[in-house]
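Visitor: Next come the chains, spelled out residue by residue.
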Amino acid sequence: MQKYDPATEVDFVVIGSGAAGGVMARQLSQAGFSVVVLEQGGWGAYGHEQDYSKDELANRFPAPVDRLMSDPSLQRNTFRRSAAEKAAPGGHNYGCVIGGGTVTYGASSWRHLPWEFNEASTFGGMAGTGIADWPISYDELEPYYTMAEWELGIAGERVDTPFMAPMSKPYPLPPQPIKSSGALFKLASAKLGLTVVPNVAAIITQPYKGRGACINCGMCSGYGCQTKARSSSAVALLPDAVATNKCEIRANAYVREISVDRSGKVTGAVYFDKANNNREVFQKAKVVVLSANGTETPRLLLMSKSARFPNGLANSSGVVGKYLMSGNGGGASALFEHPLNEYKGCVTGAAILDYVPNDMKRGFYGGGRMTARGFTSPMEYGLGGVHGAPTWGVAYKKALIEQANRKMVIANFVTQMPIETNCVDLDPEVKDAWGLPAMRITSTSHPNDFKVMEFFRDKAVEILHAAGAKEVWADGINDSRGGAHSRGTCRMGNDPKSSVVNKFHRAHDVPNLFVVDGSSFVTGGRNHPTMTISALAFRAAEHLAAAAKTGNVKI
Amino acid sequence: MSEDDRRQFLIQAMTGVSAAWLAASWPQIAAAADNSWGQSDGNWSQFAFFTPAQGAEVEAMAAQIFPTTDTPGAREAQAIIFIDTALTTFAKGQQAVVTAGLTDLNARVTAQGGRSFAALSEAQQVALLTAIQTTPFFRAIRDLTIMGVFAAPQHGGNFNKVGWKLIGFDDALNFHTPFGSYDV
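Each protein sequence line maps, in turn, to chains A and B. Taken in order, the first sequence gives residues 224 to 778; the numbers are from my numbering. Taken in order, the second sequence gives residues 519 to 702; the numbers are from my numbering.
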């Protein structure tokens, strides 16, 4: 791998190596630019993926060197429902390894639908929300969805339905098999007149670009993939960047500040080299690309205060960190007569799409995707998975055995309104393990969003009954508390007064700072953010490379 | 539940055996796995943490938490070995809670005229555990017992994969369709 002396000014520093950072690193280095990627997580099993553990105990509580997710006891964060409360220690975490969240994610890869880019003007606004149009249209982004799907390797079925985005090209790989939960979805849908499609996933079902197909091991979401079938940044993007000999990837590099000069331009990033006693390193760069995820990106901007940017970098609008959408959910579960064996194959099964579009007749604004799934892993299931039984003893054991393989779960991925007061900021008291201000998350969903969650929960119950379940129970609704799907916190827009970045992800306030990840979202779609993050990054990278070559960005 | 929530679920579920102490002292589990008692002969004088008397008490607790019925339970899974190993390695932080809990258990047994928890009748054992089921001690043993039934055998419990067999879990890690009864 190419190595750069931190004192040498490289063309680009990319902060983060996940869904967005991986794309930026690959595209910019392939365009001939020098790139340093700074990732706060470790290497994981990068380059020797066969060593990823499928041991549930080891995976859930890894040794520090094997961590794939951030650790809330180190990457401390606090949570509160509203500004009136004092925030309490929170459990927010996210992918934290070379490849970011894509190393362990469920890999659902849905596109946003065309009207999800202009919801404000299509359906009107809503009091108490910051719903707004994106500065780009679906048509502008469509070629980059296609590019992302083919570069990464996405498996799915192009179905001609108003519930899926129109595609200029089919998916490169056939979809995952329909599991028993999907077959039951079909049974219910035949009665209810609904549309079931296989999950669209970044998990290859046939050999693709030198990687092997999924072997349906089942220890999937939350685990590293031993066969490289999951099309993570770590296997589908970063090796290409390294192969250019223009890109250096640095793991264990925890950025604490993006530095600026007196003219207000960024000059590079200061990071703690976690593998070397947290030695401070300043990496000089002509341009900084910030792709640290929807919560760490705004936090880093807010920590990067200077005389010139007293409210945080790129924050003259005051919008940095605001409009956080971290994902609402809820659903229902059921028991069927015969075993489903849902532990085989990837976690997320088929989807019902009929309630994706908005329909104000339902009494709320929004929609969502319903996904089929089932049994969790053995230890997790044993510790908490039994419905309607005590937590130990004969009755517990009986229920545990009876329910184990007969359980189906519907998990809903739904709209969440962007609200100004839902935000990421810096906790005034709590510090993280490196002495930096802890991230503070403040979030309460809009009353509309509770109606959405309740609607989908009730639909899930109805569908499970229609599928012939022996017993059905509502799992309740989950108002978000953070997590890896966080979006919206550096929203893009044409007006520097109300947005952080422009339509090409350039910070309005800083000409050589680009912010590309889930934070760029204006509205949240129907959750499932990763495919849109990937597409935005391919588009941003193309623009950025062109701008750098023409002098529009100074390299 | 969203996928993130699912990922977080275990941590939230383990309020008794807090994730923090597990995570903080994890590195030793690899070492523990290496000298696992996977093929135990049932001779509990080999306990690493418990005295033989303590081990017998906790083993009896585990046998009520995940009982042997018409199918194997914690006893056949040798969950006690997992628990003992855990308490000298990654669960070291829970030693004080467990030791104090055992002292309290002993006092309760004595107060009702018993010799040891293990020597109580089945009904008495269940009643006593019910009385303490909200204590950190019980929750720690409960969670460790269940982990000892369902964690991979190299960690000491789940002997002969009995836990996995009970819930129909096949650890082949390589499957072909059809997976279940409805996708045939």
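Bear in mind the hints are in silico, worked out from the structure with no lab data behind them. Glycine included, every Cβ here is placed at the ideal spot set by N, Cα and C. Keep in mind that the hints are not guaranteed to be accurate.
What follows is a set of in silico ranges between Cβ atoms, one per label pair, in the way DEER data are often shown [what the hints assert, rightly or not]:
1. B/V644 with A/G433: 53 to 61 Å
2. A/P366 with B/G611: 31 to 39 Å
3. A/E232 with B/H694: 47 to 55 Å
4. A/A656 with B/D688: 53 to 61 Å
5. A/S721 with B/K683: 38 to 46 Å
6. B/V644 with A/A656: 42 to 50 Å
Covered stretches of chain A, as calculated for chain B (at least 3 residues, CB under 8 Å) [said to hold, decoys possible]:
7. 426–433
8. 436–450
9. 462–476
10. 557–565
11. 573–583
12. 605–618
Result set (DSS-like, lysine-lysine): computed pairs, CA atoms no more than 30 Å apart in a straight line [as the list claims (entries may be wrong)]:
13. A/K277 with B/K610
14. B/K610 with A/K488
15. A/K654 with A/K674
16. A/K621 with B/K683
17. B/K610 with A/K693
18. A/K414 with A/K777
19. A/K414 with A/K432
20. A/K488 with A/K277
21. A/K772 with B/K683
22. B/K610 with A/K497
23. B/K679 with A/K497
24. B/K610 with A/K584
Visitor: Please go over all the hints and tell whether each is borne out by the structure.
Guide: Hints, verified against the model:
As the Cβ distance of B/V644 to A/G433 is approximately 58 Å, the hint placing it in 53 to 61 Å holds. Taking 31 to 39 Å as the suggested C-beta distance range, the pair A/P366 and B/G611 does not conform, at roughly 54 Å. For the pair A/E232 and B/H694, the supplied restraint of 47 to 55 Å holds, since their beta-carbon distance comes to about 53 Å. For the pair A/A656 and B/D688, the supplied restraint of 53 to 61 Å is violated, since their beta-carbon distance comes to about 40 Å.
Taken as a hint, the range 38 to 46 Å is violated for the pair A/S721 and B/K683, whose Cβ atoms sit roughly 59 Å apart. A hinted range of 42 to 50 Å for the beta carbons of B/V644 and A/A656 is consistent with their spacing of about 43 Å. Judged by the Cβ-Cβ criterion of 8 Å, the stretch 426–433 of chain A is not covered by chain B as claimed, because only 0 of its residues qualify and three are needed. A stretch counts as covered by a chain when three or more of its residues have a beta carbon under 8 Å from one of that chain; for the stretch 436–450 of chain A and chain B the count is 7, and the coverage holds.
Counting residues of the stretch 462–476 of chain A whose CB lies closer than 8 Å to any CB of chain B gives 0, which falls below the minimum of 3, so the coverage claim is violated. Under a criterion of three residues with beta carbons nearer than 8 Å to beta carbons of chain B, the stated coverage of the stretch 557–565 of chain A is upheld, 6 such residues being counted. Evaluation of the coverage hint for the stretch 573–583 of chain A: breached, as 0 residues show C-beta separations to chain B shorter than 8 Å, against a requirement of three. Counting residues of the stretch 605–618 of chain A whose beta carbon lies closer than 8 Å to any beta carbon of chain B gives 7, which meets the minimum of three for the stated coverage.
Distance check on the hinted pair: A/K277 and B/K610 sit about 24 Å apart at the alpha-carbon level, within 30 Å; holds. With a C-alpha separation of about 50 Å, the suggested pair B/K610 and A/K488 falls outside the 30 Å cut-off, and the hint is violated. Restraint check for A/K654 and A/K674: not satisfied, since their Cα atoms lie roughly 36 Å apart, outside the 30 Å limit. In summary, the hint linking A/K621 to B/K683 is supported, as the alpha carbons are separated by about 14 Å, within the 30 Å threshold.
Among the hinted pairs, B/K610 with A/K693 is inconsistent with the structure: their alpha-carbon atoms are about 43 Å apart, more than 30 Å. Taking the CA atoms of A/K414 and A/K777, the gap is near 60 Å; set against the 30 Å cutoff, the hint is violated. For the suggested pair A/K414 and A/K432, the alpha carbons sit about 41 Å apart, so the restraint of at most 30 Å is broken. Restraint check: the Cα-Cα separation between A/K488 and A/K277 comes to about 46 Å, which exceeds 30 Å; the hinted pair is violated.
Between A/K772 and B/K683 the alpha-carbon distance is near 61 Å, which puts this suggested pair outside the 30 Å criterion. Taking the CA atoms of B/K610 and A/K497, the gap is about 26 Å. The hint holds against a cut of 30 Å. As the CA atoms of B/K679 and A/K497 are separated by approximately 39 Å, the hinted pair breaks the 30 Å bound. As the CA atoms of B/K610 and A/K584 are separated by approximately 57 Å, the hinted pair breaks the 30 Å bound.
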